[in-house]
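Participant: Sequence:
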Amino acid sequence: DDPFAVEATAGEEFMAVKPYKGQIFPPTSPPEFKAAEPEDVLKLEWVYGYRGHDARNNLFYLNGDPMACVYHAASVVIVYYIDDKQHL
243 DDPFAVEATA GEEFMAVKPY KGQIFPPTSP PEFKAAEPED VLKLEWVYGY
293 RGHDARNNLF YLNGDPMACV YHAASVVIVY YIDDKQHL
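The numbers in my numbering rise by one with no breaks, and the one at position 79 of the sequence shown is 321.
Just so you know, these hints were derived from the structure itself, not from any lab. Don't be surprised by glycine CBs; every beta carbon is placed ideally from N, CA and C. Do not take every clue at face value.
What the hints assert, rightly or not - Just the calculated beta-carbon pair ranges, DEER-fashion:
(1) 284 / 326: 21 to 27 Å
(2) 319 / 276: 42 to 48 Å
(3) 301 / 264: 31 to 37 Å
(4) 274 / 316: 29 to 35 Å
(5) 302 / 259: 49 to 55 Å
(6) 293 / 326: 23 to 29 Å
(7) 267 / 313: 43 to 49 Å
(8) 308 / 263: 39 to 45 Å
(9) 258 / 316: 31 to 37 Å
(10) 293 / 325: 23 to 29 Å
(11) 283 / 308: 48 to 54 Å
Working from the sequences, and respecting the hints, build out all of it.
Facilitator: Put into structure tokens, the structure is as follows:
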């Protein structure tokens, strides 16, 4: 028997070096946990950019009054009113 033989029991990462192990400590005085909802409310003002080179069939026109188109950017659905030139 080889005393230096290592038995692979947990896949490729079994003997991985983890330098952070000795550097992470729990906080000495953690903040008190509050289960209540926060008082502030976030409001989305604008979504920048649109990635359409790898997404297909993601723009739809709504025939109604007013006429609009619907599309997504990131995880947000955007309704654009064509006549008013406004987003919802």
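Participant: Could you run down the list of hints and mark each one as holding or not?
Facilitator: A quick look at each hint next to the structure:
1. Between residue 284 and residue 326 the CB atoms are about 25 Å apart, so this pair conforms to the stated range of 21 to 27 Å.
2. Checked against the hint of 42 to 48 Å, the C-beta distance between residue 319 and residue 276 comes to roughly 31 Å, which is inconsistent with it.
3. In this structure the hint that residue 301 and residue 264 lie 31 to 37 Å apart at CB is violated, the actual value being about 52 Å.
4. As the Cβ distance of residue 274 to residue 316 is approximately 34 Å, the hint placing it in 29 to 35 Å holds.
5. Judged by the Cβ atoms, the range 49 to 55 Å given for residue 302 and residue 259 holds: they are separated by roughly 51 Å.
6. Checked against the hint of 23 to 29 Å, the C-beta distance between residue 293 and residue 326 comes to roughly 25 Å, which is consistent with it.
7. For residue 267 and residue 313, the hinted distance range of 43 to 49 Å is satisfied, since their beta carbons lie about 47 Å from each other.
8. Taking 39 to 45 Å as the suggested C-beta distance range, the pair residue 308 and residue 263 does not conform, at roughly 60 Å.
9. A hinted range of 31 to 37 Å holds for the C-beta pair residue 258 and residue 316, which are about 34 Å apart.
10. Judged by the Cβ atoms, the range 23 to 29 Å given for residue 293 and residue 325 holds: they are separated by roughly 27 Å.
11. For the pair residue 283 and residue 308, the beta carbons lie near 28 Å from each other, so the given range of 48 to 54 Å is not met.
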